Amino acid sequence: MKSNRVIPAALVAALSVTCLAAQTATTPNIIVILADDIGYGDLSCYGAKLVQTPNLDRLAKEGRRFTDAHSPAASCTPSRRALITGRYSWRQPPGAHIAPGDEAITIKPGTFTLPGMLRQAGYRTGIVGKWHLGLGTEGGPDWNGEIKPSTLDLGFDYSFIMAATGDRVPTVFIEDRHVVGLDPADPIKVSYKEKIGEEPTGAENPELLTLRHTHGHDMTIVNGVGRIGWMTGGKSALWKDEDMSDTFTKKALEFIEREKTRPFFLYFATHNIHVPRVPHPRHLGKSQCGTRGDAIVELDEAVGELLANLERLGLADKTLVIFSSDNGGIMDDGYEDVGDFEHPCNGTLRGYKGSLFEGGHRVPMIARWPGHIPAGSTCDELVTLLDLTASLAALTGQVIPPGAAIDSCNVLPALLGQPHDKPGRETFVAHVGGVAGKVPLAIRQGPWKLITEGGARPSFSDADKSNRTPMPDEAREPFLVNLSDDPSESKNVAPDHPGRVRDMKRLLGEIVAEGHGPADKR
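The sequence shown: position 438 = 438 (our numbering), numbered continuously.
Do not take every clue at face value.
Derived DSS-like pairs: lysine-lysine, alpha-carbon spacing no greater than 30 angstroms straight-line [claimed, not checked]:
id : residue 1 : residue 2
1  : K148      : K195
2  : K189      : K148
3  : K422      : K318
4  : K61       : K49
5  : K148      : K240
6  : K148      : K193
7  : K195      : K235
8  : K250      : K148
9  : K148      : K108
With beta-carbon atoms standing in for the labels, derived distance ranges [what the hints assert, rightly or not]:
id : residue 1 : residue 2 : range
10 : K422      : G216      : 39 to 49 angstroms
11 : R312      : K189      : 36 to 46 angstroms
12 : D246      : K108      : 33 to 43 angstroms
Quick caveat, the hints were computed from the structure, so don't treat them as lab data.
Being a predicted model, the structure only gives us computed values, none of them experimental.
A virtual CB, placed ideally from N, CA and C, is assigned to each residue, including glycine.
Sequences are here, hints too, so could you generate the full structure?
Okay, here's the thing in structure tokens:
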């Protein structure tokens, strides 16, 4: 029998206050640190020898290190979109490709999002760092006015971001809805179709470059670095690459300081170590593997500053900190900033960023919440950044509505190191970019992994474009491997297991069509 009783507004308000008070007493502040292009072998707590990461090592020592964690995609935009929405980006455009700097917003306002969910739970929500999911309406944002829609329309209360990447124009910061430091008399114009303005470019004026490019990155020069795309105007608003880490870290610390008396969620998406790698001079030479290694040192310093600030404010024991990366590592990604060093950025894994091999999407992941996550522990379960939404919903007592975050699985017991009978996730579908049905995918089921035809390549030049090198013969056939036996994916065993190939293709089809594989339904 349904009740039609009306609950008085005053009682609703009282209940809301009571629920919020209970939430603040039992659930932590949450900081998600998403690094850019950090590979499985880039941190010393994951085996790196030529670069040391003492702050991240400390985070692992005081928390939980994951050995089978995956970014939702092997490239930036689709991976970040999946993290925010809890949905694979290959399900639908936009956001299934690497977005240019003038892309319209790729997540429709009103979409169920991770920050929106946590704001509903009573958290103050903030984003600092790299966005790369588009801004504004069709045709791109109004750089010289109010930028709408933006991150503020997707669940964030505060936003200090770069629109895309460090190698893409416009090279400016955006705070909430406006470009920082913009002179109205010098308006910004951006184009990804043709050159605009009189600014020099890397293609026409290579003598002006302080960081030379190896491929692409030869358009408008800003701070001696050729970028992707053309830009003119906005000179007072241009960032300085070597100060970017300090700027983002300062803004993150300021957000924590402002929100220290109430629950907060901070999505700290660092620009490091994406190209162009221009660390502050104080970090140069601090690693043994060139500028790329020095950028890792700078990233580690930023993490250390956040941890120290939490301790100073007495928030360390009240804050869940999660660190990971948007995709696997890559060495030469467009600039001469790598050097000749024997540093396996993805450890013993095969492939790089932009690959369906493990090196493209198996990433470091560390979680710390003192008193709740066993210190110095290791988790070998399959988890993905897609799972933050369902897991944090379980942690904060939120209910995900039907049809939302359909690819997010609750892996909270694995995250917290709690006993549990079965894993929260048993399947995972990796991609580089593009929409299902048009691009190769890789499906994981337990220890088995199948890369569909055309996908067994070491790296891609862009999310859904062809490889820089001709397709190897093995990529023309499905590639099957048992990762327990062959974690480096050295041999294709598909010819020996035709039945498994057939079954995994069928399961992949179900996941594409239905949302979850049978074992992953919540």
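Hints, verified against the model:
About 26 angstroms separates the Cα atoms of K148 and K195, which keeps this hinted pair within 30 angstroms; it holds. Of the pairs offered as hints, the one joining K189 and K148 holds, with about 17 angstroms between alpha carbons and a cut-off of 30 angstroms not exceeded. Proposed proximity of K422 and K318 is supported: the alpha carbons are some 28 angstroms apart, at most 30 angstroms. Under the criterion of a C-alpha separation no larger than 30 angstroms, the hint pairing K61 with K49 is consistent with the structure, at around 18 angstroms.
A C-alpha spacing of about 25 angstroms is found between K148 and K240, which places the hinted pair at or below 30 angstroms, so the restraint holds. Among the hinted pairs, K148 with K193 is consistent with the structure: their alpha-carbon atoms are about 23 angstroms apart, no more than 30 angstroms. Taken as a hint, the K195 and K235 pair is honoured in the structure, with Cα atoms around 17 angstroms apart against an allowance of 30 angstroms. Distance hint between K250 and K148 is fulfilled; the C-alpha atoms sit about 25 angstroms from each other, no more than 30 angstroms.
In summary, the hint linking K148 to K108 is supported, as the alpha carbons are separated by about 12 angstroms, within the 30 angstroms threshold. Between K422 and G216, the C-beta spacing of about 45 angstroms keeps the proposed range 39 to 49 angstroms intact. Separated by about 43 angstroms at the C-beta atoms, R312 and K189 satisfy the suggested range of 36 to 46 angstroms. Judged by the Cβ atoms, the range 33 to 43 angstroms given for D246 and K108 holds: they are separated by roughly 34 angstroms.
No hint from the list above goes unmet by this structure.
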